[in-house]
Amino acid sequence: MDFTVQELGKGIAVVRGAGRLNMVSAGQLRELVAAAVAGGSARIVVDLAAVDFIDSSGLGALVNGLKIARQAGGDLRISAPTDQVKLVLQLTNMERVLASYPTVESAYAND
Amino acid sequence: MNRLLILRFFVFVTVVLGVNYIAWRWLFSLNWHAWWIAVPLVVAETYSLIDVSLFGLAMWRARPRELPKTVPLGTTVDVFITTYDEPIDLVMITARHARDIRYPHSTWLLDDGARPELAAAAADLGVGYIKRGADWVDRPLHAKAGNLNNALMSTNGELLLILDADQVPQPEILDKTLGYFDDERVALVQTPQLFGNVPIGDPLGSQAPLFYGPIQQGKDGWNAAFFCGSNAILRREALMQLGITGYVTEVERAVDTALRGAHRVIKRALRSVPKSNEMMHTALADVGQAVDAAKASIDSGESLSGVTYTLQRRVAEVSQAMVAVDVQLLAQDLRAIEEMDAGGADSDFIMNIDATMEVLGSRDLSPLGAVESVQTLLRSIDVDRSREAQPLMPLATISVTEDMATSMRLHGLGWKSVYHHELLAVGLAPEDLGTMLKQRLRWAQGTMQVLIRENPLVQRGMTLAQRLMYFSTMWSYLSGFATIVYFAAPIVFLCFGILPVNTSAWQFFLHFLPFMIANQVLFAFAGRGVSTWRGQQYSLALFPVWIEATVSAAANVFFGRPLSFIVTSKVRGAYRPQWSLITPQIIVSVALTIATVIGITRLVLGVGEPIGTAVNLAWVTLDLVVLSVLVPAVRYRGFDYKQEE
Chain F
1 MDFTVQELGK GIAVVRGAGR LNMVSAGQLR ELVAAAVAGG SARIVVDLAA VDFIDSSGLG
61 ALVNGLKIAR QAGGDLRISA PTDQVKLVLQ LTNMERVLAS YPTVESAYAN D
Chain W
1 MNRLLILRFF VFVTVVLGVN YIAWRWLFSL NWHAWWIAVP LVVAETYSLI DVSLFGLAMW
61 RARPRELPKT VPLGTTVDVF ITTYDEPIDL VMITARHARD IRYPHSTWLL DDGARPELAA
121 AAADLGVGYI KRGADWVDRP LHAKAGNLNN ALMSTNGELL LILDADQVPQ PEILDKTLGY
181 FDDERVALVQ TPQLFGNVPI GDPLGSQAPL FYGPIQQGKD GWNAAFFCGS NAILRREALM
241 QLGITGYVTE VERAVDTALR GAHRVIKRAL RSVPKSNEMM HTALADVGQA VDAAKASIDS
301 GESLSGVTYT LQRRVAEVSQ AMVAVDVQLL AQDLRAIEEM DAGGADSDFI MNIDATMEVL
361 GSRDLSPLGA VESVQTLLRS IDVDRSREAQ PLMPLATISV TEDMATSMRL HGLGWKSVYH
421 HELLAVGLAP EDLGTMLKQR LRWAQGTMQV LIRENPLVQR GMTLAQRLMY FSTMWSYLSG
481 FATIVYFAAP IVFLCFGILP VNTSAWQFFL HFLPFMIANQ VLFAFAGRGV STWRGQQYSL
541 ALFPVWIEAT VSAAANVFFG RPLSFIVTSK VRGAYRPQWS LITPQIIVSV ALTIATVIGI
601 TRLVLGVGEP IGTAVNLAWV TLDLVVLSVL VPAVRYRGFD YKQEE
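Chains as they are written, first to last, in the working numbering: chain F, 1 to 111; chain W, 1 to 645.
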């Protein structure tokens with residue numbers, strides 16, 4: 001799975017992935033978020049529009065990223081989850097914790 | 001199949017005869033005049049009946065499993081060897097055998113001792129090395145569970161084979177067990193733990209042939225085979241799912257508790273701040289509003305991270321304002337001082353009010369205690385679980401026996417477990433009584449912690465049988481209290497002639513003997529010819545350990561006291577039997593012996609009742625035989641490798 005990172009300015013960075021966010025790609029996501037936060041973009045959006053599968057390790061990487069961003073005074077939000085991802089978020093109750101937005105742009109629109 | 005039917009027959013007979021005996025004891029033969037010994041005895045006997053019934057429930061389904069026919073290809077496996085302070089040579093033997101496991105895998109040494117020599121040895125051997133990172137500094141380490149949780153975050157195999165540092169795996173361990181994971185709901189395959197350094201006779205009762213055999217097979221029959229910490233294969237997805245659900249539950253609980261607490265603290269703070277301080281009042285009221293708004297948002301279904309983010313922002317703004325107030329007041333004071341003492345040392349401070357405001361705003365230096373406590377509390381309302389080294393703790397950290405707690409939670413989420421009855425790794429048992437007692441105490445304490453913190457009887461998600469299988473193991477650790485009564489009752493009779501049972505000898509034997517015999521037959525048959533006597537002896541003889549474990553686990557859970565431990569002498573070579581380790585058992589043995597002398601004397605003098613004396617003498621003899629297991633145990637000098645080979 002390949003990720004791209006895009007800086008939007010105002011301390012916001014978008015991390016985009018495509019394919020399966022699972023135990024294999026989770027470590028990469030974790031590192032990218034950590035690097036983005038270390039680079040000064042503590043407000044992260046993980047764009048899941050092209051992620052068609054997520055497992056618990058993938059969720060773990062999101063939680064880990066959330067922690068890193070929060071400790072730097074920022075936040076981690078997800079955008080455009082696909083149906084499988086939404087289902088997993090529901091089943092694990094993660095939707096109670098992670099803020100999900102329909103688009104990347106809307107993620108920090110009100111902050 | 002036939003075997004299982006016979007086993008079920010013995011279970012049925014034992015339970016029926018047991019209920020018959022205990023009902024008769026409660027209803028028709030209790031000596032109420034001596035209630036102080038009669039009631040404890042019948043309670044202890046009832047305890048034992050429940051114990052054997054739960055054992056019977058396991059035996060009801062105790063049979064070997066069908067072996068998997070295939071070995072899946074291309075499954076990624078991480079082999080984890082957990083170590084803390086074991087000798088490097090020993091760890092490296094395990095590491096070498098782990099590396100040489102046939103099925104493709106990655107081997108990792110999980111070194112909680114962070115020893116550079118071990119890191120170097122791992123590199124030489126070509127296996128991975130993982131130690132705790134900076135996140136763990138000044139945070140709870142959670143022992144082995146923490147060690148494994150740490151490693152889970154930096155590896156990515158689909159399956160994990162967990163090995164203790166002294167459990168040497170055989171090359172085919174993965175080939176034999178991976179087939180079970182074709183069933184996608186299987187989260188755990190546990191294999192037996194057996195020890196290679198135990199002489200014939202097993203003086204320390206190290207081997208557990210009944211547990212790693214019929215009991216685990218029986219639990220497996222109810223889909224409740226336990227994870228026992230080592231020689232087990234786990235599915236990462238299942239563990240991570242535990243980590244995620246645990247994180248969500250924890251965060252929900254923490255945020256809810258903190259918001260409620262914040263509400264109360266703000267109210268109190270408002271009272272403690274003088275009315276004259278209008279700005280402080282306004283600030284606190286603002287924070288109070290923000291807290292209430294956060295509660296309302298959560299109730300309306302907004303995400304916790306969103307709500308807490310907004311709240312933190314609001315609190316930051318307000319506290320900046322609060323500090324501004326403080327600094328204004330402080331500056332006035334300082335100016336007043338300066339006027340009195342021109343050119344004082346603090347003058348520079350006043351020049352930098354703006355900078356100081358920043359500093360005070362970002363630190364805990366707010367001069368008013370009330371405001372400070374509000375701030376501290378509010379900062380804890382977050383979703384980053386900052387008190388822990390990592391937000392996800394897949395292996396349970398509620399107990400020193402993380403294995404049992406973890407498998408119980410896995411079963412609660414609907415995962416399946418497997419017990420594979422084939423020796424695939426050989427371990428090392430403790431070689432002296434002190435170490436053995438220490439180990440047993442830890443197991444018992446951990447089991448009691450799980451019982452108190454997450455009583456299986458009230459856990460959702462498990463079937464009734466699964467709950468009973470976990471409860472059964474916990475229940476058996478309560479035996480220490482019953483054992484004391486079993487020692488006390490014959491002493492009371494032999495010394496004072498007081499019988500807790502009010503009946504004729506004939507009636508007693510008629511009710512008691514059939515149950516006792518059925519019970520022994522059940523154990524003998526269930527054990528399949530393997531001697532379970534050593535295990536039975538130790539479960540009685542270690543009564544002080546079980547009692548101490550129960551008491552200290554309760555003190556730990558309810559009052560936060562540290563778990564007690566057994567101090568053993570570290571000096572090897574200078575061998576001396578440590579009789580002090582079994583002081584309570586020695587006292588009991590002496591008391592039993594004195595009671596025997598008194599009982600015989602009373603009989604000779606014509607005071608004692610003959611049949612009662614005979615029964616109690618037999619009882620005392622049995623007790624002494626059981627306790628005698630400790631004599632060779634204390635004198636045991638370790639395994640003689642030359643002689644045994």
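Bear in mind the hints are in silico, worked out from the structure with no lab data behind them. Just so it is clear, the structure is predicted and the values come from calculations on it, not from any experiment. Virtual Cβ for every residue (Gly too), placed ideally from N, Cα, C. Errors might be hidden in some of the hints.
What the hints assert, rightly or not - Per the computed footprint, the stretches of chain F lying under chain W, defined by three or more beta-carbons under 8 Å from a beta-carbon of chain W, are: (1) 8-17; (2) 35-44.
What the hints assert, rightly or not - Restraint ranges, calculated between C-beta atoms of paired labels, are given here: (3) W:Asp-640 <-> F:Gln-28: 49 to 57 Å; (4) F:Gln-71 <-> W:Gly-261: 18 to 26 Å; (5) W:Arg-139 <-> F:Val-5: 46 to 54 Å; (6) F:Gln-6 <-> W:Arg-264: 19 to 27 Å; (7) F:Gln-71 <-> W:Leu-90: 46 to 54 Å.
What the hints assert, rightly or not - Using 20 Å as the maximum straight-line C-alpha spacing, the simulated EDC-like pairs for lysine to aspartate or glutamate come out as follows: (8) F:Lys-10 <-> W:Asp-202; (9) F:Lys-86 <-> W:Asp-202; (10) W:Lys-438 <-> W:Asp-202; (11) W:Lys-131 <-> F:Asp-83.
Query - chain W covers the stretch 35-44 of chain F, three or more CB atoms within 8 Å, holds or violated - result: violated (count 0)
**Report entry** Cβ separation of Gln-71 (chain F) and Gly-261 (chain W), checked against the hinted range 18 to 26 Å
**Finding:** holds (22 Å)
**Report entry** chain W covers the stretch 8-17 of chain F, three or more CB atoms within 8 Å, holds or violated
**Finding:** violated (count 0)
Query raised in the report: Does 46 to 54 Å hold as the CB distance between Arg-139 (chain W) and Val-5 (chain F), or does it fail?
Result: Roughly 29 Å apart at Cβ, these two residues miss the hinted range, so it is violated.
Query - Range hint compliance [Cβ, Gln-71 (chain F) to Leu-90 (chain W), 46 to 54 Å] - result: violated (39 Å)
Requested in this report: For the pair supplied as a hint, Lys-131 (chain W) and Asp-83 (chain F), confirm whether the alpha-carbon distance does not exceed 20 Å.
Outcome: Violated, at roughly 38 Å.
Query raised in the report: Holds or violated: are the alpha carbons of Lys-86 (chain F) and Asp-202 (chain W) at most 20 Å from each other?
Result: violated (56 Å)
Query raised in the report: CA of Lys-438 (chain W) to CA of Asp-202 (chain W), is that 20 Å or under?
Result: holds (17 Å)
Query raised in the report: Is Lys-10 (chain F) within 20 Å of Asp-202 (chain W), Cα to Cα?
Result: The hint is violated at about 70 Å.
Query raised in the report: Taking the beta carbons of Gln-6 (chain F) and Arg-264 (chain W), is their distance inside 19 to 27 Å?
Result: Once the Cβ atoms are compared, 44 Å apart, the range 19 to 27 Å for Arg-264 (chain W) and Gln-6 (chain F) is violated.
Query raised in the report: Are Asp-640 (chain W) and Gln-28 (chain F) spaced within 49 to 57 Å by their CB atoms?
Result: holds (53 Å)
The structure fails to meet hints 1, 2, 5, 6, 7, 8, 9 and 11 from the earlier list, while all remaining hints are met.
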